[in-house]
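If you read the protein sequences in the order shown, they are chains H and Z.
Once you know that position 126 of the first sequence is 126 in my numbering, the rest is easy, because the numbers rise by one and skip nothing.
Once you know that position 112 of the second sequence is 112 in my numbering, the rest is easy, because the numbers rise by one and skip nothing.
Each hint should be verified, as a subset may be incorrect.
To be verified - If you want the footprint, here are the derived chain Z segments under chain H, 3+ residues with CB under 8 Å: (1) 7 to 21; (2) 63 to 77; (3) 113 to 120; (4) 128 to 135.
Think of the hints as simulated: they come from the structure by calculation, not from any bench.
Think of the CB as a built atom: it goes at the ideal place given N, C-alpha and C, for glycine as much as any other residue.
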Amino acid sequence: MIEFIKGTLLITGALFVLLAAIGLLRLPDLLTRMHATTKAAALGVILIMLASAMHFAEVGIVARSFAIIVFILMTAPVAAHVIGRAGYFVGSRLWSGTVKDELRPNYDPLTHELKSGLETHENAKRHPRDTDPD
Amino acid sequence: MTGAIWNLLLGLAWVLLSGDFSGLNLLVGMVFGYIALVLIEPQVGALQGYPARLPRIIGFIGFFIKELVQANLRVAFDILTPPWHMKPGVIALPLSARTEMEITMVANLISLTPGTLSLDVSDDRKVLYIHAMFLDDEDELRRSLKEMEHRALELFR
């Protein structure tokens, strides 16, 4: 029984990683590619780690497997966000089938100011952040 | 936070007193410690709200795994079949999270579910811009994102 569960976890994990690779090749633009690579690959690695934890069933290896899962869950979204954001603002073109873009009209490429679209006249004035590089 | 530390201390005390130094025994000790904390919560002010938080965290993990698998299968289907069913787009989601920590958590959770990727926060931190892969039903997507944000914020407040 446990052999069966381990096998299923390993195979589905590997399939998700394969899926991420296919998605990277097939999808049409940067942002949709980020969807495929980060999430499918993260889920795949998590499943494989669960299988290895079940296979060895030792405290040290189980603890390490869970540490790997936690670190992937912490780092994968940050990396995806940073790459996607940089690509978007550098001007990588969106796929022709994109139905909507609510960011573009609110962004000022000269000042790098990003409005929320909820401003009243009062808070629409520019208040530079302390952390702004320029 | 005090609740979690006390729970860990009680678990360690259980491990020391029973003399069985294994991870499983620590887990057993933590469970007993949790039950003890639930029993004394009405008398001790510092523990206020701790027992209610654990079921919420477990419920949230379950909810999140369900979303993760569901959305992954949807993306997988679209990658494997030749015609594109997706309708990608960038939407602006008004945030109810206020502090930097809360915004970071919400943005990361949104990035982790397949089909949505957080792009940027507006300068006044009121709106999160999200790239979504499936915009067929925008209201439904906004509703489920708001539900996820609401559940995540409940864990911190």
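Residues of the segment 113 to 120 of chain Z with Cβ under 8 Å from chain H, three needed, outcome: Holds: 7 residues of the segment 113 to 120 of chain Z have a Cβ under 8 Å from chain H.
Take the segment 128 to 135 of chain Z, compare each residue's beta carbon with every beta carbon of chain H, and decide whether three or more fall closer than 8 Å. Satisfied; 4 residues make the cut.
At least three residues with a C-beta closer than 8 Å to a C-beta of chain H: is that true for the segment 7 to 21 of chain Z? violated (count 0)
Would you check chain H against the segment 63 to 77 of chain Z, counting CB to CB pairs closer than 8 Å, and say if three or more residues qualify? holds (count 6)
When held up to the earlier numbered hints, the structure conflicts with hint 1 and nothing else.
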